[in-house]
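S.K.: Chains as they are written, first to last, in the working numbering: chain G, 1 to 282; chain P, 1001 to 1444.
Hints listed in this document are in silico derivations from the structure and should not be mistaken for laboratory results. One should not assume that every hint holds.
Stated by the list, open to error - Keeping only pairs whose Cα atoms sit at most 27 Å apart, straight-line, the calculated DSS-like set for lysine-lysine is:
no., chain 1, residue 1, chain 2, residue 2
1, G, 246, P, 1013
2, G, 246, P, 1010
3, P, 1010, G, 250
To be verified - Some chain P residues near chain G, calculated using beta-carbon distances under 10 Å:
no., residue
4, 1019
5, 1049
6, 1055
7, 1056
8, 1069
9, 1075
10, 1077
11, 1120
12, 1161
13, 1195
14, 1239
Cβ coordinates follow ideal geometry from the N, Cα and C atoms, glycine included.
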Amino acid sequence: MKTFQLRLTDIVRAGRTLSAQLGVHAISRNNLARLVHGRAQPKQETILLLVAVFNHLTGQRFRAGELFPLEPVAVTGAGQSRHAFERVDGSNVKVPISSGADRLAHAWRVRVPGETEGIGEDAFETLYVEYGALLRGVAMRRYGVPPDQAEEMVQDCFMSYLQRYTYVRDARAWLYGAVRHRCIDYLRVRGREIPLEPEHDAAIDERAELRRDGIIRQLTFSAVLARLGDKCRETLHGLYRGENQKVLAKKLSTTPGYVDQLISTCRRLAVDVFRSLKLRDK
Amino acid sequence: MHYSPDEVTKLRKTRADADRYAQMEAHLKECAECRDTMSVLDEMDVVLLGAEVWEDVPIFQGRAPGIRELLTERAKIEQQNEAAFRRLKPYLKVPGAFEDAQIEKDARFHDPGVVRMLTSQAADRLEKTPKFSLQIANAACAIARKLTEEPPRSQQQLLGCALREQANALRLLGSFREAIAALDEAEPILRALPEGAFDLAIVDYIRGSVVIQFPDRVDEALQLARRAIPIFRQFGDEHRELSARLLEAITVETLEGPAAAAQVYEHVISLSARLNQKEIAAHAYHNAAGQYAELGQLDKAQWYYAEALGRRDVLGNAVGKANTEWQLARLLVLRGELEEGAKCLSVSRRNLLEMGLREEHGLATLDWAGARLALGWPDGVAAACREIVVHYESEGADRNARMALACVHEALRQGTATPKLLRDVRNYLTQLPRNPSVAFQPAS
Chain G
1 MKTFQLRLTD IVRAGRTLSA QLGVHAISRN NLARLVHGRA QPKQETILLL VAVFNHLTGQ
61 RFRAGELFPL EPVAVTGAGQ SRHAFERVDG SNVKVPISSG ADRLAHAWRV RVPGETEGIG
121 EDAFETLYVE YGALLRGVAM RRYGVPPDQA EEMVQDCFMS YLQRYTYVRD ARAWLYGAVR
181 HRCIDYLRVR GREIPLEPEH DAAIDERAEL RRDGIIRQLT FSAVLARLGD KCRETLHGLY
241 RGENQKVLAK KLSTTPGYVD QLISTCRRLA VDVFRSLKLR DK
Chain P
1001 MHYSPDEVTK LRKTRADADR YAQMEAHLKE CAECRDTMSV LDEMDVVLLG AEVWEDVPIF
1061 QGRAPGIREL LTERAKIEQQ NEAAFRRLKP YLKVPGAFED AQIEKDARFH DPGVVRMLTS
1121 QAADRLEKTP KFSLQIANAA CAIARKLTEE PPRSQQQLLG CALREQANAL RLLGSFREAI
1181 AALDEAEPIL RALPEGAFDL AIVDYIRGSV VIQFPDRVDE ALQLARRAIP IFRQFGDEHR
1241 ELSARLLEAI TVETLEGPAA AAQVYEHVIS LSARLNQKEI AAHAYHNAAG QYAELGQLDK
1301 AQWYYAEALG RRDVLGNAVG KANTEWQLAR LLVLRGELEE GAKCLSVSRR NLLEMGLREE
1361 HGLATLDWAG ARLALGWPDG VAAACREIVV HYESEGADRN ARMALACVHE ALRQGTATPK
1421 LLRDVRNYLT QLPRNPSVAF QPAS
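Please work from the sequences and hints to get the whole structure.
M.R.: This is the structure we're talking about:
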């Protein structure tokens, strides 16, 4: 709240609008004040509403874990994975199955600590959403595969992975190899030149090669930018285009002094997102 | 105390406060977190100047295409596998229960989840209980063949993988021809599948591990290993790459000599260290040492044997340790330290005999005998050599080995035995499995 100079009334007002849209209870000023001063514990719906409010007001894409001290714990129900969120003080906050809060589920996702990239639904979805996008980017940028075909290729590779997951050790490395194979076949069939790849013969460490791969590097930062809110993205875009403080301030409808703060915050957030993506490293 | 990125950037740009700058740089040297943050920011400052990084942002926005279909498929497979595992669990505890259940004849078990779980269980049990693994793999194959109502690709995938595990189990049980037959059936099935290259690489590796057992097919084993290695690398499967490299190393020893073999073993050492495969690392150090000894690089050989010994000691690998100690003793003799070498070889050959390693005991005895003769200490040599027992699979090799040893016994009886004769017989016996029909020719 301090960083973005938000007042309690700003949050309550935005909360009223969003709660109606999402079908959850709004939050009163008193309740919010108690939460802020640590005199009350938020319910799950409140957490989800407040996350939506903060994202709406700041233009960022916060996650619940960044605003509240939450730790998710996977609980397997009858053949279906659910997530119960256990707070660090041990109290249990369960995600309701059918409520407005559910509609917010796709807007944020909390990683399950210690979860491998196996076949759990959330893990698989995250793998496809984040890593699948990177692989599509590689197919398009390095091999010149058209977007539609790149999309189909990546999806097929994920399907193939599902058939083999019991004996594939490293899902990401396997998927990368599968997509690359398909791209090379695609080029061969069309009689096109296969682009030079990062040197593999000398290096034993394939992952080191991936880290040095310029295209992967670039796509990873594209993924980072995609996860930032519009305001942060615009701020950073202006910064790297060389726009000065005054120009940025005008564009963002704010003061030059606040622009510096915004740049600092957005860069810090970008680093956090980069770390959380785990696109390039284990 | 951590430094914010802004502070670091400012201090680096202005350097106005020299003390604070020095403190900051010292902190960065110590603090991995701050160093990582600055590293990401430095990278970002370069990458975000380009236009493409901004143009590609839409790739990562919006709902991922095809996600519903994938999640549906995932859920279906997961449910099938969980249900199958629950049903199979009671029968997987002991081979008898599994055999009695006869699940391949029970239609309730005829579904893809069962085949997947059986294939997976066969793989898990391969090294510890290969017979049970084969039983399970056989059932997987039988059921996979019955799933004619499954989409063809799905059935092919299931059958191909089941055949692969069947071949693996047959290999470990020494049924090499049956293993090859299973692989011959699996290969065309897996070739037709998307991403079949990966599965074919596994088939190549298993086939290589089988054909290396036939002395006239070592070359084929090398080709298969070399075909599999780049595929495993491309698919990021370092564990399988390691296995294939080990196979490559063993074949290169025979076909290309110690210099080439040493290089491959270095790859294996590096990769096994990275993957924390201690047993394989120890094995690779031991074998690499042997290559360096052949190349006359005795210091390096000694160092590598020491590395292998240390690792095998920690791992509690008594057999491996005994083998390495024996080779270190031989190295002493090679270096001219005959007395010490003979003493150590005496200990080694006793250890090897106590462990039931007859073949190794025989060779170690010849090494010891050679050292004793070189020292001019023939006492006990003839008696010790008479204890040597040889046994080879091939009748011809067996006969030729006995003839070679007969030369040794006769020479010792006549008092004409030399260290060179013993060395020649020893080397001949080592090479005999590869050339079983070649008789020993003593040097005139």
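S.K.: Does each hint fit the structure? Answer for all of them.
M.R.: Structure-based check of all given hints:
For the given pair, residue 246/G sits about 22 Å from residue 1013/P by alpha-carbon distance, which is consistent with the 27 Å threshold. A C-alpha spacing of about 20 Å is found between residue 246/G and residue 1010/P, which places the hinted pair at or below 27 Å, so the restraint holds. Between the alpha carbons of residue 1010/P and residue 250/G the distance comes to roughly 25 Å, so the proposed pair stays at or under 27 Å and holds. Taking 10 Å as the C-beta contact cut-off toward chain G, the hint placing residue 1019/P at the interface is violated, the least distance being around 24 Å.
Of the supplied interface hints, the one on residue 1049/P holds, with its beta-carbon coming within about 6 Å of a beta-carbon of chain G, less than 10 Å. Checking residue 1055/P against chain G: minimum C-beta separation of about 8 Å stays under 10 Å; hint holds. For residue 1056/P, the shortest C-beta to C-beta distance to chain G is roughly 4 Å, which falls under 10 Å, so the interface hint holds. Taken as an interface hint, residue 1069/P checks out: its beta carbon lies about 7 Å from the nearest beta carbon of chain G, inside 10 Å.
Taken as an interface hint, residue 1075/P checks out: its beta carbon lies about 7 Å from the nearest beta carbon of chain G, inside 10 Å. A cut of 10 Å between beta carbons decides the hint on residue 1077/P: the least distance to chain G is about 6 Å, and the hint holds. Taking 10 Å as the C-beta contact cut-off toward chain G, the hint placing residue 1120/P at the interface holds, the least distance being around 5 Å. Among the interface hints, the one on residue 1161/P holds; its C-beta lies about 7 Å from the nearest C-beta in chain G, closer than the 10 Å criterion.
The interface hint given for residue 1195/P holds, since its Cβ lies 4 Å from the closest Cβ of chain G, which is under the 10 Å cut-off. This hint holds: residue 1239/P has a C-beta 6 Å from the nearest C-beta of chain G, less than the 10 Å allowed.
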